[in-house]
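Keeping their order, the protein sequence lines are chains Y and Z.
Take 1 as the starting number for the first sequence in full-length UniProt numbering and just add one per residue.
Take 1 as the starting number for the second sequence in full-length UniProt numbering and just add one per residue.
Source of the hints: derived by calculation from the structure; they are not laboratory data.
Treat the hints loosely; a few may be bogus.
Unchecked claim - Straight line, CA to CA, 20 Å or less: simulated SDA-like cross-link-like pairs of lysine to any residue:
1) K92/Z / L47/Z
2) K86/Y / C176/Z
3) K130/Y / G54/Z
4) K30/Y / A91/Z
5) K92/Z / I36/Z
6) K130/Y / L47/Z
These figures come from a predicted structure and were not determined experimentally.
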Amino acid sequence: MSSHAPVHEDAHEAHHGHSHGHEAGHGSLKSYMTGFVLSIILTAIPFWLVMGGVFESRAITAVFVIALGAVQMVVHMIYFLHMNTKSEGGWTMMALIFTIVIVAIALSGSFWVMHHLNTNMMPMSPEMMKNMP
Amino acid sequence: MIDTTEKPQFYLTEEHHPEGSTMLGFWLYLMSDCLIFAVLFATYGVLGRNYAAGPSPADLFDLTLVAINTATLLLSSITYGFAMLQMERNAKAETLFWLGITGLFGAVFIALELYEFIHLIHEGAGPSRSAFLSAFFTLVGTHGLHVTFGIVWLVTLMVQVNRHGLIPANRRRLMCLSMFWHFLDVVWIGVFSIVYLLGVLG
Chain Y
1 MSSHAPVHED AHEAHHGHSH GHEAGHGSLK SYMTGFVLSI ILTAIPFWLV
51 MGGVFESRAI TAVFVIALGA VQMVVHMIYF LHMNTKSEGG WTMMALIFTI
101 VIVAIALSGS FWVMHHLNTN MMPMSPEMMK NMP
Chain Z
1 MIDTTEKPQF YLTEEHHPEG STMLGFWLYL MSDCLIFAVL FATYGVLGRN
51 YAAGPSPADL FDLTLVAINT ATLLLSSITY GFAMLQMERN AKAETLFWLG
101 ITGLFGAVFI ALELYEFIHL IHEGAGPSRS AFLSAFFTLV GTHGLHVTFG
151 IVWLVTLMVQ VNRHGLIPAN RRRLMCLSMF WHFLDVVWIG VFSIVYLLGV
201 LG
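The shape of chain Y in the complex, shown without the other chains (with noise of 0.2 Å):
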């Protein structure tokens, strides 16, 4: 067994030299200029509409904000970080999946828990805020 590891080595490393056209994560120039024309458009508008004022409401403008910032975090993750369903067998957007759950259990559960903590507790003034240690 150990007399053929430096063969299989060899093989290995044959294999490594010519692999790397058909595995995941490579990007064309057209696709890796697409999402950046796409990221700078969709990084301008939510600095203009906070910069510029565009909107009255802050909650119109806050809405914008987050989902074009959703909407651009996903345009980096196919056109940059290369992501699609069929890459290593699916086990990366398995992961991402799974991710993203957590993550979504971690930050609604953080707000959730603390919005209710913060209307529960006492009300307190600004001269007890001032005794504060």
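Once you have looked at the hints, place chain Z on chain Y.
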């Protein structure tokens, strides 16, 4: 003991995707890093409005500086993409050139962030001023540390590529750093949207 030296081997004892497992493993690392940032975002989300009678994001943040910062990180992402395309073409000099440009953009990003941090601390808005500022410095500082280590990694790989060329091991390393670098850009989208833009919005 069975003498196996003469026994022919008709099957592969290893998995048949030698490069793939590294990339999947690195992806899993990035996902765990994602959890760290998620927890820091949650902390910021909970504490971000507790100013302790101190300055609020609208008082502190200069969105023009943040826009420049965002632009440098975005540009460094596309230049890293160019480096990967040159690596595909087996062009060592061009790969090194684009990696160098990427490192420069990363360094500008870190310099601007350090300038912002020093400016804030000089104004008396250091991490110990309020819960909001503690959460802010932890979240943005962790991202900045990641970028700093990314630059260290980038310089190391530039030396490696320069010395050994675009050998399979270096290609694998460059692809891992590519994922790391683009991942940090994705995290920065969350930072500038949630911390800076929504912060200034009030």
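Hint compliance check: list the failing hint numbers for this structure, sorted ascending. Numbers 1, 5 - these are the hints that the structure violates, sorted from lowest upward.
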